[in-house]
Amino acid sequence: MKFHWFAEATYPHLADDFPKQGLSSWVSTPTSLMDPVKVGETYRMFIRLMQQADRDGFDGLAVNEHHQTPFAMTPSPNLLAASLASTTENAAILIIGDSLALYNPPTRVAEEMAYLDCVSGGRVIAGFVFGTPMDSVFSYGNPPPELRDRFHEARELILRAWEAKEPFAFNGKYTQLRYVNVWPKPIQQRPPIWVPGSGSLETWDLVIDENYCYGHLSFSGLHSAKPMVDAYWDYVASRGGDTNPHRMAFTQLICCAATEAEAEAKYYEAVRYFYRMNTLDPKFTMAPGYTTIRSQQAMAARLRDAPNLRPEDRARAAKGEMSFWEYDEKGYIIAGTPQRVRQRVRELATDLRVGQLIGCLHMGNLPEETAAENTHLFGTQVIPHLRDLWADQPDHWTPPISQQRIAARSQAAPKQAFEAAE
Amino acid sequence: MIQSRMSVAGFDVRVWSGGVGPPLLYLHGFEHHPGAAPYLQRLAADRHVLAPEHPGFGASTGFDRLTDLQDLILYYRALVESWGHGPVDVIGHCLGGMFAAELAVLAPQLVRRLVLVDPYGLWLDAEPLPDPFLLAPAALAAVKWSDPACASRETTAFDAALGDTAAEFRTINLTAASKFMWPIPDRGLARRLPYLTAPTLVIHGEADRLTPPAYEAAWAAALPHARTAVIAGAGHLPMVEAEDAFIAVVGEFLEEARRPPAYEVGARGVRS
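Order-wise, the sequence lines are chains H and Z.
Every letter in the first sequence is one number past the one before it in this note's numbering, and letter 3, counting from 1, is 3.
Here this note's numbering runs 1000 ahead of the position in the second sequence, where the first position is 1.
It should be emphasised that the hints constitute simulated quantities derived from the structure, not laboratory data.
Just so you know, these numbers come straight off a predicted model, no measurement behind them.
Just to be clear, a hint being listed does not mean it is correct.
From the structure, some residues in chain Z lie toward chain H, with a derived Cβ separation under 10 Å [stated by the list, open to error]: (1) 1007; (2) 1008; (3) 1063; (4) 1123; (5) 1125; (6) 1129; (7) 1162; (8) 1176; (9) 1177; (10) 1183.
Cross-link-like lysine to aspartate or glutamate pairs, in silico, EDC-like; alpha carbons within 16 Å at most [to be verified]: (11) H/173 - Z/1071; (12) H/283 - Z/1068; (13) H/173 - Z/1068; (14) H/185 - H/166; (15) H/173 - Z/1064; (16) H/226 - H/388; (17) H/226 - H/351.
All residues carry an ideal CB built from backbone N, CA and C; glycine is no exception.
With the hints as constraints, model all of the structure from the sequences given.
Here it is, written out as structure tokens:
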């Protein structure tokens, strides 16, 4: 089982009444609400926390791409990844991922990921994403029915650019290049490829056909994800795909503290901020043609089938109307002492058959010192106790060099040493 | 009007047709085909009306064969050619107006007279159009109608027997429309309009706020030889809200004696 450090780079200074103002936190959020100096401080905090996560034993440092939103101020994940590639040693640089349709020409992705792989010594995981409707079709203007086609053409170009030994011509529908010959090439001949999705059958077919790692990057936890993830694994099995759990990534908010009371005191406000300030205007979530009718029908059925999470619960979670422990009970967060957290993560990973947990160790407006404590507790008192999960299955979806270094590191500092500190 | 299917150039689409007389091609707007709408039936009283559903809309196929607008216009050229009447009159409403103008540019030999009704295709930086894909139903009604109560009179080609829900029918249509309208409904028509030589009537609903009044002037400036008619008491669908006035103004324009156009055509066939 692998554990990756992640946080949405959320702007932490929105006014408490932001949700009441009727503004969308995506696409059209007034930029007057943002102080660039504070944005810079926030970025530097995330870099420090991820550098610490590397030291604390995480398997990967996850960076993502979103546009025009205070919820996740990372228009280019490659920039954040560049800050980490040269200042960390062990963890994979998990780019999850570049929105392929938004790079023109897409060889830019091949070049920048290769650069990052070179700088990091072969630690890049190449995430390829379609991008949310807010990102790819509203902020970046792609006609929705072209998005998948553009994604696949770009993917083909990037993979060929990494593999080719000689310059080649690429005559695509959207990109024409006479001389494709990217410098540099990645150290890993072809970095591991992850493709996140939200349940589209077309994406499932892609990851099954290509044996990519699939990611379900929800922030709603086990109960919300259970019907979709179960359906995904059934679909994989029905198509004869590889059911190795290391091919499945899942995001989970984590709130570790010395005691449960301390967890509530330290994290509740930040958890509420994380959900409350994400006031996504529904009109930006539904671009016609972004999701096929076939997938819409399947997704709607799964939503209805979620037995442990009612639509009212989802609405209350988004409004910050749950108690801290109800967020925990409903699966939105996993909170408490390291002992409790490790038990709950074990249940989650087993229940969803997840081999790559992307833990959100910072959320909302959490103070840096709390996120640092969270990172340290999870890295040293949770991760070492969960290494047995799926240990019998090979992991072909994280960089070999990171696997070797982290394994060597944990042998040098065995689990017992951490337990003494508990 | 009779509903049937028509296969041309590998596209298999639904068509509504009827009437006897001079041929008239009707190209519908971005929301949906209107089906056997009352105004189509009145137009068919003394004309042979053919109203195809655009590829990708409703139950019409071929959307995956379209990479860009030119592919679609070449399809419509083939459709008119296969119809076999020679030059035809063309009415294009809304997005269909963009297609009709493009067809008249690409295949002037096939378009006798052109009527554009609240057309898309132009863009003014100073007067940005509302984003039709983003408008909630009430907001859409407010910009689309002079009197939103008229909405109940609008007909569509939705057919529950085909298995889609009404919401799915709308998604299918808007998906196809987005190919030509997302993120901005301008695919370069303005720089091609100087090649448009067919006698043209541009109709605007006075209360249309989907393509607001500033666009009347833009079309008039882009097509100096064209006539403009503004229909009072109508929004984006004057043929629904002011059917009599619409039929009258279209009829008057189409029934004028066939005569050479009153404007000058440059030596290269381009207005200078």
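- Message: So if I understand the rule, the pair passes when the alpha-carbon distance is 16 Å or less; does residue 173 of chain H with residue 1064 of chain Z pass?
- Response: 13 Å, holds
- Minimum Cβ distance from residue 1183 of chain Z to chain H below 10 Å? This interface hint holds because 4 Å falls under the 10 Å limit.
- Task: Using 10 Å as the Cβ threshold, decide whether residue 1007 of chain Z counts as touching chain H.
- Result: It is violated, given that the least Cβ distance between residue 1007 of chain Z and chain H is near 22 Å, above 10 Å.
- Quick one, are residue 173 of chain H and residue 1071 of chain Z close enough, alpha carbons at most 16 Å? 13 Å, holds
- Message: Check whether the Cα positions of residue 173 of chain H and residue 1068 of chain Z lie no farther apart than 16 Å.
- Response: Holds, at about 10 Å.
- Message: Given the hinted pair residue 226 of chain H and residue 351 of chain H, is their Cα-Cα distance within 16 Å?
- Response: This hinted pair holds, its Cα atoms lying about 8 Å apart.
- Does residue 1068 of chain Z lie within 16 Å of residue 283 of chain H when you go C-alpha to C-alpha? Roughly 26 Å separates the two Cα atoms, so the pair is violated.
- Message: Does residue 166 of chain H sit within 16 Å of residue 185 of chain H, going by the straight-line distance between their CA atoms?
- Response: 12 Å, holds
- Query: Hey, does the residue 1177 of chain Z contact hint survive, CB to chain H under 10 Å?
  - Reply: 8 Å, holds
- Message: A closest beta-carbon separation below 10 Å is what the hint needs, so does residue 1123 of chain Z meet it against chain H?
- Response: For residue 1123 of chain Z, the interface hint is violated, since the closest Cβ of chain H sits about 13 Å away, which is over 10 Å.
- Query: Taking the least C-beta to C-beta distance, is residue 1125 of chain Z closer than 10 Å to chain H?
  - Reply: 16 Å, violated
- Residue hint residue 1008 of chain Z, partner chain H, criterion CB-CB below 10 Å: 22 Å, violated
Hint compliance for this structure: hints 1, 2, 4, 5, 6, 7, 12 and 16 are broken, all remaining hints hold.
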